[in-house]
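Q: Fit chain D to the given chain V structure using the hints.
Top to bottom, those sequences are chains V and D.
Residue 233 in the working numbering sits at position 233 of the first sequence, with consecutive numbering throughout.
Count along the second sequence from 1, add 240, and you get the number used in the working numbering.
Take the hints with a grain of salt, since some may be wrong.
Quick list of in silico lysine-lysine cross-link-like pairs, DSS-like style, CA-CA up to 30 Å [unchecked claim]: (1) D:K363 <-> V:K197; (2) D:K271 <-> V:K232; (3) V:K187 <-> V:K197; (4) D:K346 <-> D:K330; (5) V:K180 <-> D:K271; (6) D:K330 <-> V:K229.
By construction, these hints were calculated from the structure, which means they are not laboratory data.
Here the structure is a predicted model, which is why all the values come from computation and not from measurement.
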Amino acid sequence: MRKNDDLEINAFVDGELTVDERMDLLAAMQRDPDLAREACEMNNLKSQLQLAYANPPGLAACNVARGRSPWLTIAASFVMLAAGLLGGWLLGNAPANPERFVMLDAQGRGQAPATADSPETRIVFHLTNPDQAVAGELLDDVEQMLSAYQREGQPLRVEIVSHGEGLDLLRQRLSQHKGKIHQLAEKFNNLTFVACKNTIDRVQVSEGIEINILPEAEIIESGVNHVVKRQKEGWAYIRV
Amino acid sequence: MRKLTSLLVAALMVFGMAGQSLAAAAYDKQKVVYHINYDNPKKQAGALRNIQNHINAVGAENLDLKVVLHGNGLALLLEPDALARVPKFKHANADDQMAAKIDGLKSQGVAFNVCANTIKGRKVNRETDLYNVDAGDIVPSGVAELAKLQAQGYTYIKP
Numbered sequence: 001m002r003k004n005d006d007l008e009i010n011a012f013v014d015g016e017l018t019v020d021e022r023m024d025l026l027a028a029m030q031r032d033p034d035l036a037r038e039a040c041e042m043n044n045l046k047s048q049l050q051l052a053y054a055n056p057p058g059l060a061a062c063n064v065a066r067g068r069s070p071w072l073t074i075a076a077s078f079v080m081l082a083a084g085l086l087g088g089w090l091l092g093n094a095p096a097n098p099e100r101f102v103m104l105d106a107q108g109r110g111q112a113p114a115t116a117d118s119p120e121t122r123i124v125f126h127l128t129n130p131d132q133a134v135a136g137e138l139l140d141d142v143e144q145m146l147s148a149y150q151r152e153g154q155p156l157r158v159e160i161v162s163h164g165e166g167l168d169l170l171r172q173r174l175s176q177h178k179g180k181i182h183q184l185a186e187k188f189n190n191l192t193f194v195a196c197k198n199t200i201d202r203v204q205v206s207e208g209i210e211i212n213i214l215p216e217a218e219i220i221e222s223g224v225n226h227v228v229k230r231q232k233e234g235w236a237y238i239r240v
Numbered sequence: 241m242r243k244l245t246s247l248l249v250a251a252l253m254v255f256g257m258a259g260q261s262l263a264a265a266a267y268d269k270q271k272v273v274y275h276i277n278y279d280n281p282k283k284q285a286g287a288l289r290n291i292q293n294h295i296n297a298v299g300a301e302n303l304d305l306k307v308v309l310h311g312n313g314l315a316l317l318l319e320p321d322a323l324a325r326v327p328k329f330k331h332a333n334a335d336d337q338m339a340a341k342i343d344g345l346k347s348q349g350v351a352f353n354v355c356a357n358t359i360k361g362r363k364v365n366r367e368t369d370l371y372n373v374d375a376g377d378i379v380p381s382g383v384a385e386l387a388k389l390q391a392q393g394y395t396y397i398k399p
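Chain D on its own, in the form it takes in the complex:
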C-alpha cells in the first residue's frame, strides 16, 4: 500500500512538472536572422515554411525576424521572366505561389534583406528583376549584415 502511494505521488509530481513546463513554454521576445544563400526552390520554400512555423510558435508580436539573402539565395526574389536577363542565376523562384508566401510573411513583419554586392556583381535590376524589393531592403553586404545582426543579439539560423 505504501509502495502504491509513493508511486502515485511520483506520478503526480511528473504530471505537475510537465504542466509547469508547458505553462513556461510561452516564448519571450526573440530576434532571429535567417540566412539563405542557395537557390534550390524546394529548399527555399522549406525555409519559408520554417519561418512561418517559427512565427506560429512564438507569435509575430514577439518576433523580430529578418531574412538575409545573398549569392544564389537571391533566386528567391527573382521574377521568372527576369531569368533571361541575369545569366549568373540558374533559378528564378518568385513565381505566384512563392510570391504569395513572401507577401504572407512580410505582412507578419518579416524583413527580406538583399545583398548589394550580389545585385551589383550579378547585374540585377532591383526594380525590374526582383519581386517587391524596396531600396530600404538593400544591405551593403549580406555577410557583413549577418555578422552585424549577430553582434546585436540576433540568433542565426540557416535552414
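Here chain V stands alone, though its shape is the one from the complex:
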C-alpha cells in the first residue's frame, strides 16, 4: 500500500479530494483490493457513526472483486450450498427464530422500519446496574409482560441491552440468572439479549482475562449507539 493511504482514504470517504486525486485513488483501488476494502470499511464506519444522527442509508457490502479462478468460485458455491443445507437442517431441529438475528444486524440491514405508530410495542431496556437482584426483577417483569402480550395476542418486541456494569448479567462467570435467561430465550423469540462489545473489550483489558458471554446473547459494537438507534426508530426506552 502507498504511504499516506489512510489520510487519503479518509479524505475520499469525506468527499474532500479533488477530482484528479479521486481518480488516482480509484485507479489505485482497482489495482489493490486491500486498499479498496479499507476504503469500504471506512465508509461503513462513517455510516455507522451517522446512525445516531440520521436514518441510515443502505450500506454497501464490502465485497471486493478479486481475480479468482472460476474453479475457486464453483468450489466456494458448493461450500456455501453445504453450509446452507446444514444450517437449514439445524434450524429445522431447533425452534426457528430468524427474526431475532435479522433485527440485530449491526449495520441495521434487513429490518422493517419501525415507526412510533406501529401496532407492535417495542421496548429496549438499558441495563447498566451492577445489582443482579435488580436485573432479576427486570427478568421477572419482562417475563410477565411477554406472557401477558402473548396471551392477548398482541405483538411485542423486547431487547435487553446490557452495558457497562450491567454486563455482568450476561457474563458466563458472573451471571446469577443463567437458567432464567436460557429459559426465557427458549420460550420467547421476541426477546433478545444484547451485550455491548465496547464494554467487553474494556473489561477484558482492565481485568486481564477473556470474557465469555452467554450463548443466548447477541454482541453488538456499542450499547449506547444501539439504544440511541432504537429510540430513533420509535422504541420505548427504559433504563434499569
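A: What follows is chain D alone, placed relative to chain V:
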C-alpha cells in the same frame, strides 16, 4: 477606529442574540414521565426535587407530568409502619416529610402511578400500606405503562 466599531457591532450582536434566546426560553407544553424503581430515600427525595424544579422551570400549567413507580420504587409511598407487613421491602419512605413533598407535587397536577404487578407480587395492601393511593392511581404494569406513555409522546426521565 474601524476595528473598534466592528468589535462593538460584534458585541452588540452577541448580546442581542443572547436576549433573543432568553425570550425564546419560555417552554411549550410538555408531557413527561418520571421512572422510579429504586428505594434509596435520598435518591427518591432527589427525584421529587428534580420534579419540583422541572415544574418551576416550565410552569405547572404547561406540564403533564406522571411518576411511574414499580418494584422497589413503591417504597416512596410505603408508610413507615407498614414495613413490618411487607417483608419484600427494605425501605418505607413515606414519612411526614416525604408525604408533604408528595402532597405538594400532587397539588400541582403530578400523578403518581403504581404498578399492580408489584402490589400483587409483594402483597401490598393499597389502603393500609400506601400513602394516599386511589384505585385510579393503579396501572396494570409499570413497565407497560412506561412504554405506552412514550408511544403517546411522553418524554422519559429516570433521575
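Q: Against each hint, give a clear statement of whether it holds in the structure.
A: Hints, verified against the model:
no.	hint	in the structure
1	D:K363 <-> V:K197	violated, 40 Å
2	D:K271 <-> V:K232	holds, 18 Å
3	V:K187 <-> V:K197	holds, 26 Å
4	D:K346 <-> D:K330	holds, 25 Å
5	V:K180 <-> D:K271	violated, 36 Å
6	D:K330 <-> V:K229	violated, 36 Å
Hint violations for this structure: numbers 1, 5 and 6, all remaining hints satisfied.
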